[in-house]
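If you want the building blocks of each chain, they are given just below.
Number of protein chains: 2
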Amino acid sequence: MKPIQVGLLGIGTVGSGVFNVLQRNQEEIRRRAGRGIEIAMVADLDVERARKVVGEGVQVVSDARAVIANPEIDIVIELIGGYGIAKALVLEAIAAGKHVVTANKALLAVHGTEIFAAASAKGVMVAFEAAVAGGIPIIKALREGLTANRIQWLAGIINGTTNFILSEMRDKGLDFAVVLKEAQRLGYAETDPTFDIEGVDAAHKATIMSAIAFGIPVQFDKAYVEGITQLSATDIKYAEQLGYRIKLLGITKRVDKGIELRVHPSLVPSKRLIANVEGAMNAVVVQGDAVGATLYYGKGAGSEPTASAVIADLVDITRLHTVDPLNRVPHLAFQPHTLDQAMSELPVLPMSEVVTSYYLRLRVADQAGVLAKVTGILAGAGISIDAVLQREADEVGGEGSTQTDLIILTHDTREGTMNDAIAQMQQLPTVLASITRIRKEELN
Amino acid sequence: MKPIQVGLLGIGTVGSGVFNVLQRNQEEIRRRAGRGIEIAMVADLDVERARKVVGEGVQVVSDARAVIANPEIDIVIELIGGYGIAKALVLEAIAAGKHVVTANKALLAVHGTEIFAAASAKGVMVAFEAAVAGGIPIIKALREGLTANRIQWLAGIINGTTNFILSEMRDKGLDFAVVLKEAQRLGYAETDPTFDIEGVDAAHKATIMSAIAFGIPVQFDKAYVEGITQLSATDIKYAEQLGYRIKLLGITKRVDKGIELRVHPSLVPSKRLIANVEGAMNAVVVQGDAVGATLYYGKGAGSEPTASAVIADLVDITRLHTVDPLNRVPHLAFQPHTLDQAMSELPVLPMSEVVTSYYLRLRVADQAGVLAKVTGILAGAGISIDAVLQREADEVGGEGSTQTDLIILTHDTREGTMNDAIAQMQQLPTVLASITRIRKEELN
Numbered sequence: 002m003k004p005i006q007v008g009l010l011g012i013g014t015v016g017s018g019v020f021n022v023l024q025r026n027q028e029e030i031r032r033r034a035g036r037g038i039e040i041a042m043v044a045d046l047d048v049e050r051a052r053k054v055v056g057e058g059v060q061v062v063s064d065a066r067a068v069i070a071n072p073e074i075d076i077v078i079e080l081i082g083g084y085g086i087a088k089a090l091v092l093e094a095i096a097a098g099k100h101v102v103t104a105n106k107a108l109l110a111v112h113g114t115e116i117f118a119a120a121s122a123k124g125v126m127v128a129f130e131a132a133v134a135g136g137i138p139i140i141k142a143l144r145e146g147l148t149a150n151r152i153q154w155l156a157g158i159i160n161g162t163t164n165f166i167l168s169e170m171r172d173k174g175l176d177f178a179v180v181l182k183e184a185q186r187l188g189y190a191e192t193d194p195t196f197d198i199e200g201v202d203a204a205h206k207a208t209i210m211s212a213i214a215f216g217i218p219v220q221f222d223k224a225y226v227e228g229i230t231q232l233s234a235t236d237i238k239y240a241e242q243l244g245y246r247i248k249l250l251g252i253t254k255r256v257d258k259g260i261e262l263r264v265h266p267s268l269v270p271s272k273r274l275i276a277n278v279e280g281a282m283n284a285v286v287v288q289g290d291a292v293g294a295t296l297y298y299g300k301g302a303g304s305e306p307t308a309s310a311v312i313a314d315l316v317d318i319t320r321l322h323t324v325d326p327l328n329r330v331p332h333l334a335f336q337p338h339t340l341d342q343a344m345s346e347l348p349v350l351p352m353s354e355v356v357t358s359y360y361l362r363l364r365v366a367d368q369a370g371v372l373a374k375v376t377g378i379l380a381g382a383g384i385s386i387d388a389v390l391q392r393e394a395d396e397v398g399g400e401g402s403t404q405t406d407l408i409i410l411t412h413d414t415r416e417g418t419m420n421d422a423i424a425q426m427q428q429l430p431t432v433l434a435s436i437t438r439i440r441k442e443e444l445n
Numbered sequence: 002m003k004p005i006q007v008g009l010l011g012i013g014t015v016g017s018g019v020f021n022v023l024q025r026n027q028e029e030i031r032r033r034a035g036r037g038i039e040i041a042m043v044a045d046l047d048v049e050r051a052r053k054v055v056g057e058g059v060q061v062v063s064d065a066r067a068v069i070a071n072p073e074i075d076i077v078i079e080l081i082g083g084y085g086i087a088k089a090l091v092l093e094a095i096a097a098g099k100h101v102v103t104a105n106k107a108l109l110a111v112h113g114t115e116i117f118a119a120a121s122a123k124g125v126m127v128a129f130e131a132a133v134a135g136g137i138p139i140i141k142a143l144r145e146g147l148t149a150n151r152i153q154w155l156a157g158i159i160n161g162t163t164n165f166i167l168s169e170m171r172d173k174g175l176d177f178a179v180v181l182k183e184a185q186r187l188g189y190a191e192t193d194p195t196f197d198i199e200g201v202d203a204a205h206k207a208t209i210m211s212a213i214a215f216g217i218p219v220q221f222d223k224a225y226v227e228g229i230t231q232l233s234a235t236d237i238k239y240a241e242q243l244g245y246r247i248k249l250l251g252i253t254k255r256v257d258k259g260i261e262l263r264v265h266p267s268l269v270p271s272k273r274l275i276a277n278v279e280g281a282m283n284a285v286v287v288q289g290d291a292v293g294a295t296l297y298y299g300k301g302a303g304s305e306p307t308a309s310a311v312i313a314d315l316v317d318i319t320r321l322h323t324v325d326p327l328n329r330v331p332h333l334a335f336q337p338h339t340l341d342q343a344m345s346e347l348p349v350l351p352m353s354e355v356v357t358s359y360y361l362r363l364r365v366a367d368q369a370g371v372l373a374k375v376t377g378i379l380a381g382a383g384i385s386i387d388a389v390l391q392r393e394a395d396e397v398g399g400e401g402s403t404q405t406d407l408i409i410l411t412h413d414t415r416e417g418t419m420n421d422a423i424a425q426m427q428q429l430p431t432v433l434a435s436i437t438r439i440r441k442e443e444l445n
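Going down the list, the protein sequences come from chains B and A.
Numbering of the first sequence is given in the working numbering, commencing with residue 2 and proceeding in unit increments.
Numbering of the second sequence is given in the working numbering, commencing with residue 2 and proceeding in unit increments.
Among the hints, a few may not be true.
Repeated chains share a single entry, so a pair holds when one copy, or any two copies, can fit it.
Unchecked claim - With a Cα cut of at most 25 Å, we get these calculated DSS-like pairs of lysine-lysine: (1) 3 - 258; (2) 53 - 88; (3) 238 - 88; (4) 272 - 173; (5) 272 - 238; (6) 238 - 173; (7) 88 - 223; (8) 223 - 3; (9) 123 - 88; (10) 258 - 123; (11) 88 - 258; (12) 173 - 123; (13) 258 - 238; (14) 223 - 258; (15) 238 - 182; (16) 3 - 272; (17) 258 - 173.
Calculated directly from the structure, the hints in this document are not laboratory data.
Computed from a prediction, not measured in an experiment: that's the story for all the values here.
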């Protein structure tokens, strides 16, 4: 049988990986897929660079639309990224009856509803394993491996840049800004690192996983997003003393009132496997009602790890594209006509309604009665305390210091309640600086 | 559309879990599968107990063949276990044109070639996610999620009983026999624990994963199998001092000459994520050439975790049973007509040809020249040493002791070479007891 014909839009780091892995492992992939998979055409604005990657025998063009217009092409891989031209091209490819593979988490998190609807109407597949956690087959696990389960929550380290930075901050006791520069020098962070360090990239991925886990549409605009730029080495150290690591987690959870969808730094017990995921690695823990907790770990980015996911999607489409669309795996795991009702039953909750526990650090005057006042405010708000760590003033501010750090771990409370209590504590004259608040997840 | 009709053979722990989870999550499962999934008939020798589980409305019989003969039944779940009647029933169900779901690792590891051939000939699916690592979707990850990769090796903690025992031995410093009794009392080990503690169960699972990873037939008879019954708390303690944990690993690896397939206790660096998998939990690390290392973690046994995998298979079959068999995922990941040639190119190697590194513990006389003699033998065999730990005699044997323990970690060497060297060392008059040898895997 003729190999399935693939057109590639954008042959940068990931695109080159896809081409190279398909070449290198073509025999093994054919033995699995039952049919060859061939990149027949590549579009890239840098035609010269593209030619260098693919050599002779593959048609290279600068116009992506020429790939979409080619009737020989069965599958289009979109690796351009962003919401702009990528969106137009994906929709045009779908309209032309092509199956689409994309690694574009931003596009799907924001415009997924429109794209999946167009694909369903046209009867084509849009596959996106590479959009979340790189080479880890987490979309497949959530969408097919755990179908028996009512998913209760998932939490993931799904941005390698920030996990690398947090690992370095902990290892070396350095502050954020210093480590960011090092990460940029090493290529772990981009020149404009905003999407990574502000949590936006993780929120795109969490949004996609939330939809698949709970059978709701993608709703990036309702995600709570907080990055790691405000974290200090001090808090990482105190957390460690209390038996926790700080990780940037993408969390989505089903609770009685609806769905939590949030990205923020979180204390995680050091003994949890996910707390020990270091450097640029990714991992996702999924809690299902039947299976309990399962964890998936691997490289979340990079040329060949991401290519691994793109090619797995190519093989899936090669196997399934002849199948009646109703018998394929739905794009978001659940039959599309059921998503809207689920959204009305399970709204994404505002952050003030989220219930979690907290780490608080207060810079206070080293004098009698401070702890009583602070804990009095918490008690008044109905917030119960799990642990308190008060440092000796000399240790914190040097000899003769009149200030010290008071660290409090709380039990579960509503975020709105905690906001009010923090505002009250902030008014105390003995609280000398802005209160640091980091959320804490036990993940059990 | 009428729900897909399922017949269940054997409704013990796992079967009850399948029934209960399907009932509890039926709405959510239908939203995913696009069609209801209904257990319409159950066969169990204990009809009374079966009726108690399923209640009214489900036909219960004592004769499994009545389920297979029922033309309304689309899928048969085999949860009887063992090689005997289970094999006959699976083959009969296939012959009757039923799709089969089974959790029976022993059956597939030993008779998989016959069973998969029969299924292919008949055009039906045999699904077995539950046969390896319980609720962890490792079969799906290997067979579909990592299709882009040339798999290099995989290593798994795939027997919860032995991992529980090893975790307890380490935590409490107790010896094997004591902990086994405790595990039996707690229900983590069976009354006859042979299959677990001798490594046979892990070898069944490793055999299945080896076939899927490398595209070869199942070859349980060629697996090397060594259990944990000879392990002592002493070795676990020394390993810890050297920065390692001891785990019972199922390992399969592609090397130049062929395939390694082996189950035995292994030292693993403590800093590896898999070394920190405790209690009855399972985890598998897979190394692919494109994706690098990925890890999958979760519950490897139990009623609902195993049911989670069985039901994922039911959903897969519900989606794919109408598909042309050539476009389904092959049973062993690779197109069946390619397996025999791969087997001739990649034979499973005898243990003497395996290359790995070693932990050796020698009980020696505490006198000059012992270390020189031992290391001389190793040097003569071309085995290089990675680390040596010699204990003070007083610490090992009490005050005035004339014996001590000499622990040696080696670099990679061929097992046959190591066997010869151990035989030579054993002849030394200053080596006072049988030499302990445990293999060591760096897993990087």
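Original post:
Checking residue 258 and residue 238: alpha-carbon separation at most 25 Å within a copy, between copies, both or neither?
Top reply: neither (35 Å within a copy, 50 Å between copies)
**OP:** Classify it for me, residue 238 with residue 182: is the Cα-Cα distance of at most 25 Å met within a copy, between copies, both or neither?
**Re:** within (21 Å within a copy, 42 Å between copies)
**OP:** Have a look at residue 53 and residue 88 and pick one of within, between, both or neither, based on CA distance no larger than 25 Å.
**Re:** neither (27 Å within a copy, 55 Å between copies)
Original post:
Checking residue 238 and residue 173: alpha-carbon separation at most 25 Å within a copy, between copies, both or neither?
Top reply: within (11 Å within a copy, 30 Å between copies)
Subject >> Intra- versus inter-copy proximity for residue 123 and residue 258 (alpha-carbon distance at most 25 Å) >> reply: neither (35 Å within a copy, 49 Å between copies)
**OP:** Could you figure out if residue 272 and residue 173 sit no more than 25 Å apart (CA to CA) within one copy, between two copies, both or neither?
**Re:** Cα proximity of residue 272 and residue 173: in one copy and across copies (20 Å, 18 Å).
Original post:
How would you label the pair residue 272, residue 238 (within, between, both, or neither) given a Cα cut-off of 25 Å?
Top reply: Answer is both: 16 Å inside a copy and 20 Å across each meet the 25 Å cutoff.
**OP:** Could you place residue 123 and residue 88 in one of the four classes (within, between, both, neither) given a Cα distance threshold of 25 Å?
**Re:** Classified as within: same-chain Cα gap 16 Å, cross-chain 44 Å, threshold 25 Å.
Original post:
Using 25 Å as the alpha-carbon threshold, which applies to residue 173 and residue 123: within, between, both, or neither?
Top reply: Neither: 53 Å inside a copy, 62 Å across copies.
Subject >> Up to 25 Å CA-CA - residue 272 versus residue 3, copy category >> reply: Neither: 52 Å inside a chain and 47 Å across chains, both beyond 25 Å.
Original post:
Can you tell me if residue 223 and residue 258 fall within 25 Å by alpha carbon in one copy, between copies, both or neither?
Top reply: within (15 Å within a copy, 55 Å between copies)
**OP:** Using 25 Å as the alpha carbon limit, work out where residue 3 and residue 258 are close: within a copy, between copies, both or neither.
**Re:** neither (52 Å within a copy, 33 Å between copies)
Violated hints, listed in ascending order, are 1, 2, 3, 8, 10, 11, 12, 13, 16 and 17; each of the other numbered hints is respected by the structure.
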